[in-house]
Every structure is written in structure tokens, then in C-alpha cells.
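J.: Chain by chain, the residues:
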Amino acid sequence: NAGVTQTPKFQVLKTGQSMTLQCAQDMNHEYMSWYRQDPGMGLRLIHYSVGAGITDQGEVPNGYNVSRSTTEDFPLRLLSAAPSQTSVYFCASSPRQVNGYTFGSGTRLTVV
Amino acid sequence: QQPVQSPQAVILREGEDAVINCSSSKALYSVHWYRQKHGEAPVFLMILLKGGEQKGHEKISASFNEKKQQSSLYLTASQLSYSGTYFCGTESAGNQFYFGTGTSLTVIP
Chain A
0 NAGVTQTPKF QVLKTGQSMT LQCAQDMNHE YMSWYRQDPG MGLRLIHYSV GAGITDQGEV
60 PNGYNVSRST TEDFPLRLLS AAPSQTSVYF CASSPRQVNG YTFGSGTRLT VV
Chain B
-1 QQPVQSPQAV ILREGEDAVI NCSSSKALYS VHWYRQKHGE APVFLMILLK GGEQKGHEKI
59 SASFNEKKQQ SSLYLTASQL SYSGTYFCGT ESAGNQFYFG TGTSLTVIP
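Residue numbers (our numbering), protein chains in the order written: chain A, 0 to 111; chain B, -1 to 107.
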């Protein structure tokens, strides 16, 4: 099994550009989440989904959109990139909350 | 909503013990613990469910006091491989899951 696959691994954007970070899992997990990790701030929840067609906001959702049309995929869209969105982004999935999360390898995003 | 971890950083010599604490202001259903090596993704260590249980994983164990909304991770006889950043993660009402700010653990020979 591939687990959780994130693409791209690295990305540089100019301010105002939009892009989509891809996340796919092949474990048939219901729960999927996006986190951003900044130095000294740990992992902060952006958006999450408890199943196909269901998404909700986390603690830092502004500037990001998500959709969950299938169980496998959970893309994160940056609508208009800002330097404050420079971060490492992790996608994670879990069969349910009583199981641990499996993380993707991360996307390092720089907005200039 | 983010749980608070303490200490922020700790340095140990091989063989020493450490305790990392995680505290939340919300009622918790479960607490997870993860370890992240530099430049890598976090890796799941263990989960503790409501009921005040204690779990172990090799020489790493944890406890969960649901009344105090606190969890502690115990690392005994630390090894060089234990170095990394440890995160607690907490689940509360509404299916939301939040990670703490992390504790950097460095084990030196």
C-alpha cells in the first residue's frame, strides 16, 4: 500500500497565484485532514473531512478551500497565495478517530 | 483549542527518563501521541481513550486523566533514537482533532 500520497513535495508560488495541493490515500480511511506546520506553532488544523461529501473548517481555514468528492482524495486549494501561507503542509488520514493518523510526507510551500 | 504541552524542550543523556505533559481546556474523548523526526512526517505512537487508561509501547508509555483533561508521556531509559519532537493530539466534541505545540527531545550520548 502507498499510504498517504502528497504532491508536490516542494512548490514556490508568487503572491496572488492559486494552486492545489493533492492528497490521496489508498487505505479506505474515512477521516482526512490538512495541517500546516510552522516553527514553534506545532501542527494547526486547516480543514478536515469525516467522509466523502463532508468537510468542515479547522482553526486556520482562511485562504483555503477543500472538497471531498471521493473517499480517496482530499485536495487543498489556495485561492490567492500570500507570504503568510509559507509553511509545510501535511495531509493525514485515519479509519476513525480511535485509530492513529497516518501522515503524508508533506509539501513545503514558499510564497514570494 | 490547541492543547498545551510542557516542557517546550528537554535534553537528556542516554538512559535518563523524561515526562512530557499535555493539557487541554476542553473535555476530551481521546489523546494521541506522535513523534516527528527532523524533516519527516509525524509518526503515530499510541492512543489513549476516555477511561483513564495507561498504555505502553516499548519503553514509552502514557497516561490519560480525563477529569483533569491531561495526558503524560513517559520515556524511560532513553535511547538516541528517541530524539525528535513529540506532539500530543486531542479529540473533543465535533470530530475536531488538534495537535499540541510540540516538545523537542534531544538525547545525547
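No lab work stands behind these hints: they were computed from the structure.
Here a beta-carbon is modelled for each residue, glycine too, at the ideal position from N, C-alpha and C.
Treat each hint with caution, since some may be false.
Claimed, not checked - Here are some chain B residues the structure puts well away from chain A; computed CB gaps all over 12 angstroms: (1) Gln0; (2) Pro1; (3) Gln3; (4) His30; (5) Glu38; (6) Lys57; (7) Ser59; (8) Gln67; (9) Tyr72; (10) Leu78; (11) Asn93; (12) Thr101; (13) Pro107.
Stated by the list, open to error - Across the chosen pairs, the derived CB separations fall in these ranges: (14) Pro38(A) <-> Val41(B): 14 to 22 angstroms; (15) Val11(A) <-> Lys57(B): 40 to 48 angstroms; (16) Arg76(A) <-> Lys57(B): 36 to 44 angstroms.
J.: Could you run down the list of hints and mark each one as holding or not?
T.: Right, here's what the structure says about each hint:
1. Some Cβ of chain A comes within 12 angstroms of the Cβ of Gln0(B); the nearest lies about 7 angstroms off, and the non-interface call is violated.
2. For Pro1(B), the condition that its CB be more than 12 angstroms from all CB atoms of chain A is violated, with the nearest at approximately 9 angstroms.
3. Annotated as non-interface, Gln3(B) brings its C-beta within 12 angstroms of a C-beta of chain A; the closest such distance is 8 angstroms.
4. Not every beta carbon of chain A lies more than 12 angstroms from that of His30(B), the smallest distance being close to 6 angstroms; the non-interface claim is violated.
5. With a least CB separation of 8 angstroms from chain A, Glu38(B) falls inside the 12 angstroms interface cut-off, contrary to its annotation.
6. For Lys57(B), the condition that its CB be more than 12 angstroms from all CB atoms of chain A holds, with the nearest at approximately 19 angstroms.
7. Every CB of chain A is more than 12 angstroms from the CB of Ser59(B) (nearest about 16 angstroms), matching its label as outside the interface.
8. No beta-carbon of chain A comes within 12 angstroms of the beta-carbon of Gln67(B); the shortest separation is about 17 angstroms.
9. In this structure Tyr72(B) is separated from chain A by more than 12 angstroms, as the shortest Cβ-Cβ distance comes to about 18 angstroms.
10. Its beta-carbon lying about 23 angstroms from the closest one in chain A, Leu78(B) satisfies the requirement of being farther than 12 angstroms from that chain.
11. Consistency note on Asn93(B): stated as away from chain A, yet its beta-carbon is not over 12 angstroms from all of that chain's, at 5 angstroms minimum.
12. Non-interface call for Thr101(B) relative to chain A: violated, since the shortest CB-CB distance, roughly 10 angstroms, does not exceed 12 angstroms.
13. No beta-carbon of chain A comes within 12 angstroms of the beta-carbon of Pro107(B); the shortest separation is about 27 angstroms.
14. A C-beta distance of roughly 20 angstroms is found between Pro38(A) and Val41(B), which places it inside the suggested range of 14 to 22 angstroms.
15. Separation of Val11(A) from Lys57(B) is about 42 angstroms and conforms to the stated range, judged on CB atoms against 40 to 48 angstroms.
16. A hinted range of 36 to 44 angstroms holds for the C-beta pair Arg76(A) and Lys57(B), which are about 43 angstroms apart.
Hint compliance for this structure: hints 1, 2, 3, 4, 5, 11, 12 are broken, all remaining hints hold.
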